[in-house]
Amino acid sequence: MGEIFKVGLMLMLVAVIAAVALGYVNSITSPIIAEQKEQAKLDAMIDVAGSLAEGELLFDSLSVPELTNPYADVDQTLAVVSVTDSTGCELGYLFVAYGKGYSSTVQTMIAVNAEGIVTGNSILFQQETPGLGANVSNPEKFLYQFDGLNASGFLLKKDGGELDSITASTITSRAVTNSVRYGLDALADAGLIPALGGAQ
Amino acid sequence: MSLRQEFSKGMMKENPVFKQALGMCPFLAVTSSVENALGMGAAATFVLVSSNFLVSLFRKVIPAKVRIPSYIVIIATFVTLVDLLMNAYLPALHQSLGIFIPLIVVNCIILGRAEGFANKNKVVPSIIDGIGMGLGFTLAMVVMATFREILGNGSWLGFNLLGTAYQNQPLLIAILAPGAFILMAFILGFFNIMEKRKRGGAK
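Chains as they are written, first to last, in the numbering used here: chain A, 1 to 200; chain B, 201 to 403.
Heads up, a few of these hints could be off.
Pulled from the structure, derived: some chain A residues nowhere near chain B, Cβ distances all over 12 Å [claimed, not checked]: (1) I17; (2) K37; (3) L58; (4) V81; (5) S82; (6) I117; (7) P139; (8) Y144; (9) K158; (10) A190.
Across the chosen pairs, the derived CB separations fall in these ranges [to be verified]: (11) B:P378 with A:I17: 40 to 50 Å; (12) A:F59 with B:A242: 31 to 41 Å; (13) A:T170 with B:S208: 40 to 50 Å; (14) A:I17 with B:E315: 53 to 63 Å; (15) B:L203 with A:V20: 48 to 58 Å.
It should be emphasised that the hints constitute simulated quantities derived from the structure, not laboratory data. Bear in mind the structure is a predicted one, so any value in this text is a computation, not a measurement. Glycine is no exception: its CB is placed at the ideal position from the N, C-alpha and C atoms.
Let's have the full structure, built from the sequences with the hints guiding it.
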C-alpha cells in the first residue's frame with residue numbers, strides 16, 4: 001500500500017510541476033498572443049480593404065443578423081465592417097467567410113465594393129493538408145480568380161460554375177467558394193449590396 | 201560508446217525512421233514538401249533534445265513504475281511550452297511550423313529515446329543522442345519529401361525543377377497519402393536489402 005502512495009505521489013508531483021509551469025507560461029504569453037492575433041487581423045483588414053480605394057480608410061463594425069451557415073460547423077454571426085474613406089464616403093464592406101474544409105474551418109476575409117463586386121481577399125486561418133489544401137493560402141493557386149466576381153461567380157467548375165479548384169483539394173476549394181458566396185448573399189439580404197438579378 | 205558515435209549512430213546505423221521504424225506518422229503525413237519536412241524535423245529535434253535532457257536529469261528521481269506517464273507529461277508539457285512561446289515571440293515561425301508542433305507529442309521517437317536511452321544515460325550523452333536522432337529523423341524526412349515533392353509537384357524546396365508543363369500534370373499520387381505508403385515501402389525495402397547484403401558479407 002505504502003509504495004503505491006509513494007509512486008502515485010511522485011507522478012502527481014511531476015504533473016503538478018508541469019501544470020504550474022504551463023500555467024505560468026500561459027499567463028505570460030496569452031496576452032501577447034491575443035494582441036498579435038488582433039494585430040494580424042487588423043493588418044489583414046487594412047491590406048484587403050486597400051483594394052477598395054487608396055489612402056486613409058475608416059472601419060466601422062456593422063451587425064448583420066445571425067445566420068445559419070450551412071458551410072460552417074457552427075452558426076456564425078457574420079461580422080461585417082463597413083469601409084469609408086476619410087470624407088465619409090461609403091466604399092464597401094469587409095467580412096469573414098467561414099467554410100468547413102477538409103481538416104479545418106477556413107476563414108477568408110473578403111472586401112466587396114458597394115456594387116457587390118469582390119475586390120480583395122485573404123485567407124485568415126486554415127489548417128488544411130500541407131502541400132494540398134494548404135495551397136489555398138497561395139494566391140496564385142486559387143484566390144487570384146476571386147477579384148471582379150459577384151456572388152453568382154462563386155461556384156466551382158465541378159459544381160457548374162467557372163472557378164478552377166485546387167488540384168486534389170476540391171473540398172477546401174468548395175469550402176472557400178461556397179462560404180464566400182453565402183456571405184455575399186447574406187450582405188445582399190441585409191440590403192448592403194445589390195441583390196443579384198436586381199439592379200444588374 | 202564515444203560521444204561522436206552517440207551522435208552519428210542516429211544518422212544511419214540506428215536511424216529512427218529507416219532502421220527503428222519509429223515516427224512513421226509524421227514521416228507519412230508531413231513529407232509532401234521538403235519545406236514541411238525540414239520544419240517538422242527542426243521542431244522535433246528541439247523537443248527531442250529538451251526531453252532527453254530533462255528525462256536524464258531526473259532519471260534517478262522518477263520511480264520506474266510510473267516512468268512512462270511521467271515522460272509523457274514531460275514531453276507534452278515541453279511541446280505545449282514550445283507552442284506557446286513560439287506563438288508569442290516568433291509568430292512568423294509559428295505560422296509556418298504551427299501545425300506540426302502538436303503532432304510532436306505523438307511522435308514515438310521522442311518517447312522511444314526517453315525510454316531507450318535518456319533514462320539510462322548521463323545528461324551530456326543524452327543531449328548528443330537527441331541531436332543525432334533528431335538530425336537522423338530530419339534526414340529521413342527530407343529524403344522522403346524529396347521523392348514526393350519532385351514526383352508530385354515537379355519542384356524541390358519550392359524551386360521549379362521539372363518545368364511548368366510537368367507541374368500542370370504531375371504524378372499527383374506521390375503527394376497524396378497512398379503515394380506516401382508506396383514510397384515508404386520502397387525506401388524501407390531498400391534499407392532492408394542493404395542490411396541483408398551487409399550481414400551476408402560479414403559471414
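Results of checking the hints against the structure:
1. Non-interface status of I17 (chain A) relative to chain B is broken: a Cβ of that chain comes within 12 Å, the nearest being about 8 Å off.
2. Non-interface status of K37 (chain A) relative to chain B is broken: a Cβ of that chain comes within 12 Å, the nearest being about 9 Å off.
3. The beta carbon of L58 (chain A) sits about 27 Å from the closest Cβ of chain B, which is more than 12 Å, so the claim that it is off the interface holds.
4. Every beta carbon of chain B lies more than 12 Å from that of V81 (chain A), the smallest distance being close to 23 Å; the non-interface claim holds.
5. For S82 (chain A), the condition that its CB be more than 12 Å from all CB atoms of chain B holds, with the nearest at approximately 29 Å.
6. Once the 12 Å rule is applied to beta carbons, I117 (chain A) is consistent with being away from chain B; the minimum gap is 30 Å.
7. No Cβ of chain B approaches the Cβ of P139 (chain A) within 12 Å, the least distance being about 15 Å, so the stated non-interface status holds.
8. With 12 Å as the threshold on Cβ separation, the claim that Y144 (chain A) sits away from chain B holds: the shortest Cβ distance comes to roughly 16 Å.
9. No beta-carbon of chain B comes within 12 Å of the beta-carbon of K158 (chain A); the shortest separation is about 16 Å.
10. Its beta-carbon lying about 33 Å from the closest one in chain B, A190 (chain A) satisfies the requirement of being farther than 12 Å from that chain.
11. Taking the beta carbon of each, P378 (chain B) and I17 (chain A) are about 44 Å apart, inside 40 to 50 Å as hinted.
12. As the Cβ distance of F59 (chain A) to A242 (chain B) is approximately 38 Å, the hint placing it in 31 to 41 Å holds.
13. Between T170 (chain A) and S208 (chain B) the CB atoms are about 46 Å apart, so this pair conforms to the stated range of 40 to 50 Å.
14. Here the CB-CB span from I17 (chain A) to E315 (chain B) is close to 20 Å, at odds with the stated 53 to 63 Å.
15. Remark: the range hint 48 to 58 Å for L203 (chain B) to V20 (chain A) is contradicted by a beta-carbon distance near 34 Å.
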